[in-house]
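Visitor: Chain order of the listed sequences is D and U. Residues 1 to 290 (my numbering) make up the first sequence, in order. Residues 1001 to 1280 (my numbering) make up the second sequence, in order.
What the hints contain is simulated information worked out from the structure, not anything from laboratory work. Check each hint, because a few of them may be wrong.
Below, simulated EDC-like cross-link-like pairs (lysine to aspartate or glutamate); rule was C-alpha separation at most 16 angstroms, straight line [unchecked claim]:
| hint | chain 1 | residue 1 | chain 2 | residue 2 |
| --- | --- | --- | --- | --- |
| 1 | D | Lys222 | D | Glu235 |
| 2 | D | Lys47 | U | Asp1150 |
| 3 | U | Lys1020 | U | Glu1091 |
| 4 | U | Lys1154 | U | Glu1111 |
| 5 | U | Lys1193 | U | Glu1144 |
| 6 | D | Lys121 | D | Glu283 |
| 7 | D | Lys121 | U | Glu1181 |
| 8 | U | Lys1195 | U | Glu1173 |
| 9 | D | Lys48 | U | Asp1150 |
| 10 | U | Lys1195 | U | Asp1214 |
| 11 | D | Lys100 | D | Asp63 |
| 12 | D | Lys47 | U | Asp1116 |
| 13 | D | Lys47 | U | Glu1141 |
| 14 | U | Lys1154 | U | Asp1214 |
| 15 | D | Lys48 | U | Glu1144 |
| 16 | U | Lys1195 | U | Glu1181 |
| 17 | U | Lys1193 | U | Glu1141 |
| 18 | D | Lys48 | U | Glu1111 |
| 19 | U | Lys1020 | U | Asp1047 |
| 20 | U | Lys1020 | U | Glu1089 |
| 21 | U | Lys1195 | U | Glu1220 |
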Amino acid sequence: MTARSEVPSSFRSSSVRPGSLALIRLGISETLSRRRLIAYLIRADLKKAGTDTLLGNLWWILDPLFQMLIYYVLVGVILGRGGSTPDYPLFIFCAILPWKWFTETVQGGVGAVVGGERLIKQIYFPKLVLPLASASSAVISFGFGLIPLFAMMWFAYPDRISAWLLLIPVVGVVQAVFSLSVGIAVSALNVFYRDVGNIAGHILRFWFYLSPTLYSVDDVHKIAKGNALIIRWYELNPFTHILGSYRSLIYYGTAPDWIGLGAVFVAAIVLLALAILLFKRAEPSFAKVL
Amino acid sequence: MSAYRPNEHVAIRAADVGVKYNLRLGKKRTTFRETFVRRLRRGDRTDFWALRNVSFQVRQGESLGVIGPNGAGKSTLLQVLAGIILPSEGEVDVDGHVSSLLTLGVGFDQELSGIDNIRLAGAFMGLDHRLVEERLPWIVEYAELGQFIDVPIKTYSSGMRARLGFAIATSVEPDILLLDEVLATGDAAFREKSKLRVAELVTAAKAIVLVTHDMNWVTEYCNRAMLIEQGGIVLEGEPQEVVDLHQERSAKRREEQKAAGVFGAKAIAAATASPPASRR
């Protein structure tokens, strides 16, 4: 019996490395050819996520709920800022949920390649599957997070339900591309500098407060008092548009910020290509450095 | 040099292969601070050639035993042949599906059951999933896992893990099999069994490269052998001849070490100076 296989049956490895475009193309094609491996890795992730806890995968639904509850109590009740925003729990939940997805992707990226140390040293496979699989698990966890969101809307805010909700996947695609590019870059960098994990944690927290999660973009405009510089900078944050669009669809029931969203999408595609390039450049050193 | 049969299919061809390690990055847990400190004292030489000027061929049906002292570059050589490490200079041509079992436990995820691990390992090796399902019963039986197959791997003994790893790597008949010290693991009974399996693969006209410290295995089952020291090939040829030279040189090294005192200044100087790779 000969081995039926998804990997090429012969290869040549030499000290000559392909150029940038060829590397990006190679990264995409070799990842696409290993879809089954990615599926297995995701399944393994999901299986493990449920073990050793009493409630298992129920935590995917409870985690975002508790997170929302904490911010509601802090900002809405203690600081008393929720009063001016009607339905404040929904207002923050529809931004916290996608943000949680982003943090999970970045944090998963930090551990993705480093955690595969043993594998990387023992067997040849396209290492891109590692951050891709962890990013995909985060997508699934986001999908589960939508369950309490919809339940909350159904029971507490039925008049906010609109057909715009159907467009959530569109914003999701934009966010997925952007998160993936960050996840891939972080997973490669963390191999060389373990500081990346620490730094990422702080940046994520700062980024969270700088993004319109607990407040709206209008609040920023009010504070900026027409200061064009602040508003310009604020617009550069991709999450201004991503979270703003989610909020339009879910909370306001209006059209998303199409132009902003489109700009973020284009930028995210470029970032993804650069992240793949960075990853592929670094990949040959993984087995030596880890 | 052993009797080459020139019209036979070449499975592995290594031409002037060199692998350079950057010791600056190779350190565990590099941080910005360390890099910064090293940048300041740039005097340190941080390049290290684990292999240099290595050229050889393996034809189909051949079983090449690679021997040499610890740290000679044997495992690095296998990693290059498996495609895990790219050569820093020279090139490697590998024609055929490679199955590598460099340290036992490919794809092993502690939290997953044995059966899930087999599937995951198969996916990592790029095997078609139908093929993996086909071979599953064989792997389970060969690894002697019994009812343990459905429990997480973390409960396995090291012997069970070794058996499972060996079974997975040899479950399909790869064109080229790379083995690193696998024959030293497991109990005596399993060692015998694994020897038989490797011998089976050898006769199935597949190419094998194995790294081992078991000289009997080299003389019994390999039809060629290669001695590597300090990243270079010292001798390549008939197994008996190569093993004899290796034992002779090891004995000499031990003598020298004894003379210098193991922790003597000379021994340390000799170890750090790393003279250029000796060749035939």
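Visitor: Does each hint fit the structure? Answer for all of them.
Guide: Hints and how they fare:
1. The hinted pair formed by D:Lys222 and D:Glu235 meets the criterion: a straight-line CA distance of about 15 angstroms does not exceed 16 angstroms.
2. Distance check on the hinted pair: D:Lys47 and U:Asp1150 sit about 14 angstroms apart at the alpha-carbon level, within 16 angstroms; holds.
3. Restraint check for U:Lys1020 and U:Glu1091: the C-alpha separation of about 13 angstroms stays at or below 16 angstroms, so the hint holds.
4. Of the pairs offered as hints, the one joining U:Lys1154 and U:Glu1111 holds, with about 6 angstroms between alpha carbons and a cut-off of 16 angstroms not exceeded.
5. For a cut-off of 16 angstroms, the pair hint linking U:Lys1193 to U:Glu1144 stands: about 11 angstroms separates their Cα positions.
6. Among the hinted pairs, D:Lys121 with D:Glu283 is consistent with the structure: their alpha-carbon atoms are about 12 angstroms apart, no more than 16 angstroms.
7. For the hint linking D:Lys121 to U:Glu1181, the alpha-carbon distance of about 15 angstroms falls within 16 angstroms, and the restraint holds.
8. Among the hinted pairs, U:Lys1195 with U:Glu1173 is consistent with the structure: their alpha-carbon atoms are about 15 angstroms apart, no more than 16 angstroms.
9. Distance hint between D:Lys48 and U:Asp1150 is fulfilled; the C-alpha atoms sit about 14 angstroms from each other, no more than 16 angstroms.
10. At most 16 angstroms may separate the alpha-carbon atoms for a hinted pair to count; U:Lys1195 and U:Asp1214 meet this at roughly 12 angstroms.
11. With a C-alpha separation of about 10 angstroms, the suggested pair D:Lys100 and D:Asp63 falls inside the 16 angstroms cut-off, and the hint holds.
12. Distance check on the hinted pair: D:Lys47 and U:Asp1116 sit about 10 angstroms apart at the alpha-carbon level, within 16 angstroms; holds.
13. Between the alpha carbons of D:Lys47 and U:Glu1141 the distance comes to roughly 25 angstroms, so the proposed pair goes past 16 angstroms and is violated.
14. Simply put, U:Lys1154 and U:Asp1214 have alpha-carbon atoms about 29 angstroms apart, too far for the 16 angstroms limit, and the pair is violated.
15. Simply put, D:Lys48 and U:Glu1144 have alpha-carbon atoms about 25 angstroms apart, too far for the 16 angstroms limit, and the pair is violated.
16. Taking the CA atoms of U:Lys1195 and U:Glu1181, the gap is near 12 angstroms; set against the 16 angstroms cutoff, the hint holds.
17. For the hint pairing U:Lys1193 with U:Glu1141, the CA-to-CA distance comes to about 13 angstroms; that is within 16 angstroms, so the pair holds.
18. A distance of roughly 6 angstroms separates the Cα atoms of D:Lys48 and U:Glu1111; the hinted pair therefore holds under the 16 angstroms criterion.
19. Distance check on the hinted pair: U:Lys1020 and U:Asp1047 sit about 7 angstroms apart at the alpha-carbon level, within 16 angstroms; holds.
20. Simply put, U:Lys1020 and U:Glu1089 have alpha-carbon atoms about 8 angstroms apart, close enough for the 16 angstroms limit, and the pair holds.
21. For a cut-off of 16 angstroms, the pair hint linking U:Lys1195 to U:Glu1220 stands: about 10 angstroms separates their Cα positions.
Checked against the numbered hints above, the structure violates hints 13, 14, 15; every other hint is satisfied.
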